[in-house]
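Participant: In case you want the letters, here they are:
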Amino acid sequence: MSDVILKVSRLSKAFGSIQALRDVQFELRRGEIHALAGENGAGKSTLMNIIDGILQPDSGEIILDGRPVRIASPAAAQRLGIGLVHQEIALCPDITVAENIFMAATNASRSLLVDYAGLHRRAADILSGLGDIDPLALVRSLSISQQQLVEIAKALTLDCRVLILDEPTAALTEKEATVLFAIMHRLAAEGIAIIYISHRMAEIFGHCDRVSVFRDGQYVVTHQVAETTPTDIVNAMVGRVVDNRYPAKFQGDSLAAPAILEVEGLSSPGLFSDVNFSLHRGEILGLGGLIGAGRSEIVRGICRIDETASGTVRLEGKPLDTRRYQQTIKEGLVYLSEDRKGDGLFLDMSIAANVSALRLGLVSKGGIIDQRRENQQASDLGRRLNLKCGHVGQPVSALSGGNQQKVAIAKMLSVNPKVIFLDEPTRGVDVGAKLEIHRILRDLANAGVGIVVISSELPELIGVCDRVLVVREGRINGVVSGDAMTEQNIMYLASIDAERARAGGARL
Amino acid sequence: MITQTIEAEAGKTAGSGWKRLAGMREIGLILIILALFAAMSFASPYFLTWENMRAMAMAFAVEGIVVVGMTILLISGGIDLSVGSVTALAMVIAGLLFLNGVDPWTASLIAILACTAIGALMGFFVTKVGLHHFIVSLAAMVIARGACLLGTGGRPLGLFTLPPEFKFIGQGSIGVIPVVIVIFVVVVVAFDFMLRRTTMFRKVFYTGSNEKAAAYSGIRTKKVIFLTTTLCSALCGFAGVIYMARFGSAQPTFGVGMELNVIAAAVIGGASLSGGSGTIFGAILGTILLSVVSSSLALLDVSVYWQDIIRGSILLAAVTIDHYLSKRRR
Chain Y
1 MSDVILKVSR LSKAFGSIQA LRDVQFELRR GEIHALAGEN GAGKSTLMNI IDGILQPDSG
61 EIILDGRPVR IASPAAAQRL GIGLVHQEIA LCPDITVAEN IFMAATNASR SLLVDYAGLH
121 RRAADILSGL GDIDPLALVR SLSISQQQLV EIAKALTLDC RVLILDEPTA ALTEKEATVL
181 FAIMHRLAAE GIAIIYISHR MAEIFGHCDR VSVFRDGQYV VTHQVAETTP TDIVNAMVGR
241 VVDNRYPAKF QGDSLAAPAI LEVEGLSSPG LFSDVNFSLH RGEILGLGGL IGAGRSEIVR
301 GICRIDETAS GTVRLEGKPL DTRRYQQTIK EGLVYLSEDR KGDGLFLDMS IAANVSALRL
361 GLVSKGGIID QRRENQQASD LGRRLNLKCG HVGQPVSALS GGNQQKVAIA KMLSVNPKVI
421 FLDEPTRGVD VGAKLEIHRI LRDLANAGVG IVVISSELPE LIGVCDRVLV VREGRINGVV
481 SGDAMTEQNI MYLASIDAER ARAGGARL
Chain B
1001 MITQTIEAEA GKTAGSGWKR LAGMREIGLI LIILALFAAM SFASPYFLTW ENMRAMAMAF
1061 AVEGIVVVGM TILLISGGID LSVGSVTALA MVIAGLLFLN GVDPWTASLI AILACTAIGA
1121 LMGFFVTKVG LHHFIVSLAA MVIARGACLL GTGGRPLGLF TLPPEFKFIG QGSIGVIPVV
1181 IVIFVVVVVA FDFMLRRTTM FRKVFYTGSN EKAAAYSGIR TKKVIFLTTT LCSALCGFAG
1241 VIYMARFGSA QPTFGVGMEL NVIAAAVIGG ASLSGGSGTI FGAILGTILL SVVSSSLALL
1301 DVSVYWQDII RGSILLAAVT IDHYLSKRRR
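Chain order of the listed sequences is Y and B.
Under this note's numbering, the residues of the first sequence are numbered 1 to 508, in order.
Under this note's numbering, the residues of the second sequence are numbered 1001 to 1330, in order.
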């Protein structure tokens, strides 16, 4: 167990004036699953990109099998037996799964012709261990989680001795993640060393042998997983003691408070049907369920981003009769999309221009934007959310993930909304910012703003929300609150219908 | 790592004013243009003469109006390859109407409206049918050019009877300043202000920067794209009419290759082909730069064939430099 396959020492890397890595060390043993933990910006990805040859270090050395090596490119890394599965999916959508899997291998091959029959056969072999994916399907037609599995299959074809997985379960369902862990354990047993990057303590403690923590570009500590606790790791990641991870909940019975939003018989053909629920003053309502169950679709229907949804929505007792999202915003309902970079923010535009985007009327007069008022709006909201930035004229792309999310939240708050819907509000956000966002949501709820949170992270739903509606196949399959709000109950309701969940022993 | 909190700079709009100014691409362009001026005034005695300056300004002024339209369209994420032939079509339509007894002002108005309609039609195909700007405007480019040739039989229309008050637009001067330049400055200043300050045009930036995010912010992005597409063609129509007044004729083959010049000017001036960024001021500086280069090469007796090669290389260099600068900013 103790033979070291990869050793990194005194490695440094700077991007301009930003020191991404400072004198870090890291050690990987044959056959171990080694978790790499740290907030976003801690230097994990930079280190992995150096090991995979995408980036070159400024100083320090990498020792593979006892010999110092220089890894000039990803192709060189492949030859050395290092495979990296990126967090972002990098597949060609218009060619088949099999061709994607063997893309790197085809690239390395010296023969002129591609042996398609053999390629499909070998792809089927590899995929059979991973899940039900047709090697002849076009990647475009696969779900995100299936694409993730194809990425992993791709790395497995390369005969690697060191396999790096960068947050591979972010887009996977529980079941798919379980399959992935089984594969990881099998590979480790075969002697492959695995570096596993994750934010999720449950995964680190459930499946890894050792864990190394990075913070602000520096190496902090390495522990045997069996000899440490999640609290210790989180504390090491944030560099201070985080005692209360979630803010205090609503005191008393939230259902007794007046309803802010009532939804009755909301349906949209093919997406969801007969959705009924109410949101009460002061509570944070969660929407749980599997990816693709229709949670986001329901919220988009309420906000009229999906303009075809039918049903009744009442805001503070009055029926909401809006046809387009712009009108819904005026009534005080705002939606924050799950894909922050893809459809939430204007990355190359300034913080101020992002914050004012929902209602330019607030910072303009007669159609002319008042730059001073726009900046003032952004710095006021920024201060309220503890936004860390140089100045509000900076492009949003210059901020970290957590601060980008704060800009997105500031954008929602700019219109003084009555109800806000947040889709995966802390995805890709580091631990410190995550805690802050949770606190902000609770403060807003206390101030009387109705809050609906969609999250695939069960501990977050349970920790933040007062009640959780569980969506399954476009319907609300059950509601949990108080002590019944457990990961087990939510998973039951998310994956099987309510009757069977009760019969199966869920306390609902 | 940016650790400074907003409190440290609350109320302040942006870092140090000077630093920000120095980082602006407009300053770089102005310096390059000034350097060219300096070099050329040594190289050729004719360069820094009033006549040459005036000729150069006249040359870029009308095209500059098209550049304005193109820049706005590029910011919204679109592109228009048909600007050259739509400009020519405006001339041909107005010219034909005039030759058939319509007074030149009405004829010009109809020509501009016709070009606006072409833009609206392109906008329809892009936003409602869902085709790409590139291919729609490529088709429009060929169709509009065909219409020009069809309407004129391929020969220029001599419009010798154009009344002097109409020709004044293209040929006259107010004091020492040509009317064309006055119109150009008014258009540029007006659109530059609107683009910087109005909510209407801010939505153009949002749409081009991230169309989905703009839609999720309640902006009707299709309407925005439809309008920028239409505006670009309308400005082409306007430019075409001014060209007619200036030349006193309608030329069906005018403006071949104009789209490349116009797009190059906008991009050199900072407009991004992927949308979301660009300024009118920058694009006009880009136009001026290209025009100074053309004029210089002509004065230096460089073959016209070499001129195209040099212009293309300048575009490539400008875009490459910008690519690296923006990478460093990130």
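FYI, nobody ran anything at the bench for these hints, they're computed from the structure.
One should not assume that every hint holds.
[What the hints assert, rightly or not] Derived pair list, reagent style BS3-like, types lysine-lysine, alpha-carbon separation capped at 25 Å: (1) Y:K365 <-> Y:K249; (2) B:K1212 <-> Y:K330; (3) Y:K330 <-> B:K1222; (4) B:K1167 <-> B:K1222; (5) Y:K330 <-> B:K1167; (6) B:K1223 <-> Y:K365; (7) Y:K418 <-> Y:K318; (8) B:K1222 <-> B:K1128; (9) Y:K341 <-> Y:K318; (10) Y:K341 <-> B:K1167; (11) Y:K341 <-> B:K1223; (12) Y:K418 <-> B:K1223; (13) Y:K330 <-> Y:K388; (14) Y:K330 <-> Y:K418; (15) B:K1212 <-> B:K1223; (16) B:K1212 <-> Y:K341; (17) Y:K318 <-> Y:K330; (18) B:K1222 <-> B:K1212; (19) B:K1128 <-> B:K1223.
Participant: Hint by hint, note whether the structure agrees.
Facilitator: Going through the hints against the structure:
Restraint check: the Cα-Cα separation between K365 of chain Y and K249 of chain Y comes to about 41 Å, which exceeds 25 Å; the hinted pair is violated. Simply put, K1212 of chain B and K330 of chain Y have alpha-carbon atoms about 19 Å apart, close enough for the 25 Å limit, and the pair holds. With a C-alpha separation of about 20 Å, the suggested pairing of K330 of chain Y with K1222 of chain B holds against the 25 Å cut-off. Our distance criterion of 25 Å between C-alpha atoms is broken by K1167 of chain B and K1222 of chain B, whose separation comes to about 39 Å.
Between K330 of chain Y and K1167 of chain B the CA atoms are separated by roughly 51 Å; this puts the pair beyond 25 Å, and the hint is violated. Using a Cα cut-off of 25 Å, the hinted pair K1223 of chain B and K365 of chain Y holds, with the two alpha carbons roughly 22 Å apart. A C-alpha spacing of about 13 Å is found between K418 of chain Y and K318 of chain Y, which places the hinted pair at or below 25 Å, so the restraint holds. With a CA separation close to 8 Å, the supplied pair K1222 of chain B and K1128 of chain B stays within the 25 Å bound.
Note on K341 of chain Y and K318 of chain Y: the hinted pairing is violated, with a Cα-Cα distance of about 34 Å set against a maximum of 25 Å. Distance check on the hinted pair: K341 of chain Y and K1167 of chain B sit about 53 Å apart at the alpha-carbon level, beyond 25 Å; violated. Distance hint between K341 of chain Y and K1223 of chain B is fulfilled; the C-alpha atoms sit about 23 Å from each other, no more than 25 Å. For a cut-off of 25 Å, the pair hint linking K418 of chain Y to K1223 of chain B is broken: about 28 Å separates their Cα positions.
Using a Cα cut-off of 25 Å, the hinted pair K330 of chain Y and K388 of chain Y is violated, with the two alpha carbons roughly 29 Å apart. A distance of roughly 10 Å separates the Cα atoms of K330 of chain Y and K418 of chain Y; the hinted pair therefore holds under the 25 Å criterion. Between K1212 of chain B and K1223 of chain B the alpha-carbon distance is near 14 Å, which keeps this suggested pair within the 25 Å criterion. Simply put, K1212 of chain B and K341 of chain Y have alpha-carbon atoms about 10 Å apart, close enough for the 25 Å limit, and the pair holds.
Restraint check: the Cα-Cα separation between K318 of chain Y and K330 of chain Y comes to about 14 Å, which is no more than 25 Å; the hinted pair holds. Using a Cα cut-off of 25 Å, the hinted pair K1222 of chain B and K1212 of chain B holds, with the two alpha carbons roughly 11 Å apart. At most 25 Å may separate the alpha-carbon atoms for a hinted pair to count; K1128 of chain B and K1223 of chain B meet this at roughly 10 Å.
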